[in-house]
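Peer 1: Single-letter residue listing:
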Amino acid sequence: MTRLLRAVVTGALVAALAAPAAAQDFSYMPPGSLEAGAAGRVDDMVYVPGMRFPIEVSPAYPNSQVYGHGGYLGPGGGQCDPENYSYPWWDNYCEPRDWNMPLCPSGTGHQGQDIRASTCDDQTHWAVAAEAGTVTSIGSYAVTLVSDSGTAHRYLHMKMSRLAVQRGQRVAKGDRMGLVSNDFGGTPTSIHLHYDLNQNVNGVGSVYVPTYMSLVRSYEELIGQPAEPCPAVGASGGTKDNNDRCFSLFGNPTFWRLVEGEGIENDLYWTNAWTNATPGNWARWRLNFEEGGQYDVSVNTIPEWAKSQEAIYVVSHDGREDTVRVDQSAATDGWAHVGRFAFAAGENNQFVSVYDNTGEAGDLERHIMVDGLRFERVGNDPPDVGPEVGPEPEPDVAPERDTRPERDTTADVPEPEEDTRRVLPDVRRAPDAEVLESVGQAKACTCDTARSAGWNWRGLLRR
Amino acid sequence: MKWMVWLCCAACVGCSAAEEGPQTGAPEAAVTRAQGQPLAGPAVDRLPEAGAARTPELDVAPEVAAQLAPVRIPMLLPRTAAHRGDLFVTQGPTWASAAMRGDGLHLSILARTRAEVRPHLAAQMPACEGECIRTSSSDAIFSVAFFRYGVAYLLNVECDRAAADPRCSDESFALGVYDDLAFAGGGQ
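Residue numbers (the numbering used here), protein chains in the order written: chain A, 1 to 463; chain B, 1 to 188.
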């Protein structure tokens with residue numbers, strides 16, 4: 001099924017599979033979407049901002065060595081199959097393995113990202129330093145580069161007899177490290193670079209963090225397609241809709257509903273609240289502000305679809321995160337107040353997310369409406385003032401801190417409870433198709449949505 | 001073709017996990033917390049004081065001691081001399097590393113005192129106690145992460161013959177190396 005998905009998506013996005021992909025064709029599957037079909041880790045954080053893509057020249061193709069052509073569980077063919085050397089990219093952090101990986105949904109999986117260079121030619125393409133740092137160790141098929149900040153970049157399967165670096169060598173970002181090859185401790189693997197990142201995380205310790213979005217960002221930089229900033233909220237405020245370029249839906253599309261002809265810009269989404277410890281569906285607006293300052297944040301509500309009394313909103317603003325419960329059903333003027341927050345100018349990892357694990361039982365049909373955000377500037381205060389998540393000015397806000405349902409501490413593996421949201425009424429003629437059609441090219445993904453928990457459909461649209 | 005066999009094994013073992021995987025992935029943690037605020041868990045706050053006398057638990061060769069002496073972070077090395085051959089020590093502003101090779105092995109120990117603040121990761125990690133040992137692996141390199149002296153350590157064990165050396169077939173050998181580690185110098 002996943003192969004079919006890949007074929008369809010690739011066919012839609014890349015006209016000529018056998019031809020070398022041009023930079024302008026670059027597209028990538030969302031983080032956490034694996035060729036293996038299993039649930040990867042949905043994590044769009046860039047863990048190493050500003051890093052250099054670890055292969056010297058484009059194009060390059062992160063994807064699976066196991067589930068792609070030539071892999072044991074792939075669709076046949078050889079590792080040099082043109083489809084292995086085409087967009088879109090595929091995340092393979094957390095691809096099924098039997099070894100421990102506590103950050104993976106299953107608790108096991110692949111630690112990093114396998115990357116093919118532009119062609120499958122051996123010892124032809126250079127791997128380069130992703131950051132300035134020191135080469136700390138050279139094993140039989142692994143080279144580790146530690147940046148000044150302590151991030152360990154690990155490069156596997158380069159041609160060890162032709163390395164461009166030595167132990168203890170100081171390298172600059174972009175310096176050549178070695179040639180992409182298939183060294184694997186005496187038993188060759190496929191020709192690719194396994195690249196991973198290890199960071200010391202406060203309260204966690206040394207851990208292999210997701211690499212995928214750091215690679216996406218650095219590749220966009222390499223090919224001259226830096227990510228466009230999100231459309232900015234004006235100095236006096238403004239609205240953001242679900243059609244905003246920086247709006248993303250997450251989770252299983254089966255449980256999202258699209259309503260056309262209603263809401264801001266004539267469409268809206270809703271999903272049902274449920275009681276699970278972890279969210280099943282959520283949405284996010286990444287934010288950009290022309291000016292820093294305090295803004296009142298409200299969400300658009302229409303009684304027919306805004307029924308949750310405890311919708312969970314997380315607001316990331318000026319280096320802080322606040323969680324707020326909002327009674328969508330209580331709004332009387334079409335807007336439910338989330339709170340007043342100090343935002344910094346620019347993007348700065350600021351966002352508003354809404355989650356479905358409110359604790360409201362699925363059979364209550366408590367719809368969570370996702371449509372628009374409104375920002376109203378409050379005075380001209382500088383953004384160094386802490387958030388005022390309080391009752392003013394609207395009485396329909398139930399602000400609180402740390403009020404989300406207690407997370408299951410066994411990583412992000414939800415309890416295997418019954419998915420009560422399946423009682424969702426059939427309000428859609430072809431629900432997945434409608435939902436996905438609204439986000440354009442991702443429509444082709446409907447064939448496998450049931451297995452693709454954690455879709456970020458917008459990811460496909462990034463160019 | 002041997003690599004295909006290896007990939008076969010690696011992938012096959014993971015098949016059941018793929019089928020039994022969760023239906024939803026969890027997003028980032030949504031806890032209310034100012035970024036940069038200390039989190040619960042083993043804190044990186046107990047570096048030995050500068051100048052404090054620490055007695056190495058290992059009797060290392062003078063050349064090894066000389067490499068370790070300028071290191072600002074307490075360094076751990078295996079008691080087993082064969083595992084700490086060809087020692088090479090490097091350090092950065094907030095980290096130090098020891099790389100060794102011998103007996104068909106490549107060992108590396110990375111010690112870090114600077115921690116990234118990632119609340120969403122901290123909220124998702126299973127609870128741990130003591131030195132908070134966590135094992136992991138990829139491509140036959142086995143890792144053991146743990147805390148000691150308030151420092152976050154990462155031990156990596158790599159075999160010269162990745163597919164043929166049973167020491168790199170599961171985590172037991174790497175955990176044995178972890179048990180074998182002792183304070184060897186640095187951190188003064």
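Source of the hints: derived by calculation from the structure; they are not laboratory data. These numbers were taken from a predicted model, which means no experiment stands behind them. Careful: at least some of the hints might be erroneous.
Output of the computed footprint for chain B on chain A, the stretches with three or more beta carbons under 8 Å from beta carbons of chain B [claimed, not checked]: (1) 91-104; (2) 110-121; (3) 187-198; (4) 295-302.
For glycine and all other residues, C-beta sits at the position ideal for the given N, C-alpha and C.
Peer 1: A separate judgement is required for each hint: does it hold in the structure or not?
Peer 2: Here is how each hint holds up against the structure:
1. 91-104: Check passed, 9 qualifying residues.
2. 110-121: holds (count 3)
3. 187-198: Satisfied; 7 residues make the cut.
4. 295-302: Three-residue rule not met by the region 295-302 of chain A, so violated; n is 0.
Hint 4 from the list above is the single one not met by this structure.
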